[in-house]
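Student: Sequence:
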Amino acid sequence: MVSKHDDPLKPRLSMRSRPIYPTSAASLSRHAPRQKKAYTPEMLYFYNLALFMSSVAVFSLIAQRMNGQK
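Using the UniProt record's numbering, the letters of the sequence shown map in sequence onto residues 1 to 70.
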């Protein structure tokens, strides 16, 4: 005869009472204290360079469309 504690469909009380803690690195880093990003001059240089290059590409595309070229 199967006792009430050996029922495979219901978890035992000891398994249900334990808290579940996240173990992935992504969930652990979420709870870490947030730090301000320190932008170095190199990062700002490349950011400004990418912004400048994209704006030049947009303006050249607009100039081509206004001249009727594709």
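Careful, some of the hints might be misleading.
Claimed, not checked - For each label pair, taking beta carbons as the anchor points, the in silico distance ranges come out as:
no., residue 1, residue 2, range
1, M66, Y45, 30 to 38 Å
2, I62, E42, 29 to 37 Å
3, K37, N67, 28 to 36 Å
4, N48, G68, 26 to 34 Å
5, L61, Y39, 23 to 31 Å
6, K37, M66, 20 to 28 Å
7, E42, Q64, 27 to 35 Å
8, T40, G68, 40 to 48 Å
9, Y45, G68, 45 to 53 Å
10, L61, P41, 24 to 32 Å
Rather than coming from a laboratory, the hints here were simulated on the basis of the structure. In this text, a Cβ means the ideal position worked out from N, Cα and C, and glycines have one as well.
Student: Evaluate the given range 23 to 31 Å for the C-beta pair formed by L61 and Y39.
Tutor: 30 Å, holds
Student: Between the beta carbons of L61 and P41, is the distance compatible with 24 to 32 Å?
Tutor: 30 Å, holds
Student: Indicate whether the distance between the beta carbons of M66 and Y45 respects the range 30 to 38 Å.
Tutor: 32 Å, holds
Student: Take the C-beta atom of Y45 and the C-beta atom of G68, compute their distance, and say whether it sits inside 45 to 53 Å.
Tutor: 37 Å, violated
Student: When you take the CB atoms of N48 and G68, is the distance between them in 26 to 34 Å?
Tutor: 33 Å, holds
Student: Cβ-Cβ distance between E42 and Q64: within 27 to 35 Å?
Tutor: 33 Å, holds
Student: Regarding T40 and G68, is the given constraint of 40 to 48 Å on their beta-carbon distance met?
Tutor: 44 Å, holds
Student: Note whether the CB distance of K37 and N67 lies within 28 to 36 Å or breaks it.
Tutor: Given a distance of about 42 Å, which is not inside 28 to 36 Å, the answer is violated.
Student: Does the hinted range 29 to 37 Å hold for I62 and E42 at CB?
Tutor: Check passed, 31 Å falls within 29 to 37 Å.
Student: Starting from the hint 20 to 28 Å, judge whether the C-beta atoms of K37 and M66 obey it.
Tutor: 40 Å, violated
The structure is inconsistent with the numbered hints 3, 6 and 9, although it conforms to all the rest.
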